[in-house]
Amino acid sequence: DVKVTQSSRYLVKRTGEKVFLECVQDMDHENMFWYRQDPGLGLRLIYFSYDVKMKEKGDIPEGYSVSREKKERFSLILESASTNQTSMYLCASSFEQGVDQPQHFGDGTRLSIL
Amino acid sequence: GDSVTQMEGPVTLSEEAFLTINCTYTATGYPSLFWYVQYPGEGLQLLLKATKADDKGSNKGFEATYRKETTSFHLEKGSVQVSDSAVYFCALSDRGGSEKLVFGKGTKLTVNP
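Here the protein sequences come in this chain order: A and B.
Under our numbering, think of the first position of the first sequence as 61, with each following residue one higher.
Under our numbering, think of the first position of the second sequence as 344, with each following residue one higher.
Just so you know, the hints here were simulated from the structure itself, not pulled from any lab data.
If you're wondering where the values come from, they're calculated on a predicted model, not measured in any experiment.
Where a beta carbon is used, it is the ideal one built from N, C-alpha and C, also for glycine.
There could be a bad hint or two in this list.
Label-pair distances were calculated between CB atoms; the ranges are [as the list claims (entries may be wrong)]:
#1 A:K78 / B:E412: 47 to 55 Å
#2 B:E359 / A:I137: 28 to 36 Å
#3 A:E156 / B:G372: 17 to 25 Å
#4 B:S346 / A:I137: 26 to 34 Å
#5 A:E90 / B:P456: 41 to 49 Å
#6 A:F80 / B:K395: 34 to 42 Å
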């Protein structure tokens, strides 16, 4: 089975801090994604990556950046955390580009910014 | 742009009741369609998918049929169980678009014994 592991289930940080959310997948997937999930808004794509060192903006990239130095690891960075970034963050991966490829999700990181 | 609209929740049913969660979509190209499920405290899992018109996806007693003429992909189950309590997301990936997943807002299902 595909395993997508997010480093923390719960995280509490302060306004202005630089926050790192880590995601690792163990199936040699090319594609990796970061979403945030908010009540009533569903999942919104923040950033994604189709290859090492490659990144593309999703629908809501403002206030975030990403890093993919190795194929299996995709990090989401909040450059200066703000309270409106309090949310559930979900990482996902998929095998290759193509509309038929399902995405495999981690269990999420619930981030609170105080 | 591409979008997915699914019925607002929450939905509350008794065990063994019939379930329908409506999902309609708008796409610029010819999408693949998915249903994902999120159990409490977990990430999303693929429940089923369909990649072309009239395909029926099925898994764990759930079914959905890709209806191109009505741009719909409604989720059904004949007899729900308490363990089906979860949030269900309809999603599409569009060949004519960016091939990213576009999700509906989710429908929370609670099944009571």
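Consistency of the hints with the structure:
{"no.": "1", "hint": "A:K78 / B:E412: 47 to 55 Å", "result": "holds (51 Å)"}
{"no.": "2", "hint": "B:E359 / A:I137: 28 to 36 Å", "result": "violated (48 Å)"}
{"no.": "3", "hint": "A:E156 / B:G372: 17 to 25 Å", "result": "holds (18 Å)"}
{"no.": "4", "hint": "B:S346 / A:I137: 26 to 34 Å", "result": "holds (29 Å)"}
{"no.": "5", "hint": "A:E90 / B:P456: 41 to 49 Å", "result": "holds (44 Å)"}
{"no.": "6", "hint": "A:F80 / B:K395: 34 to 42 Å", "result": "holds (41 Å)"}
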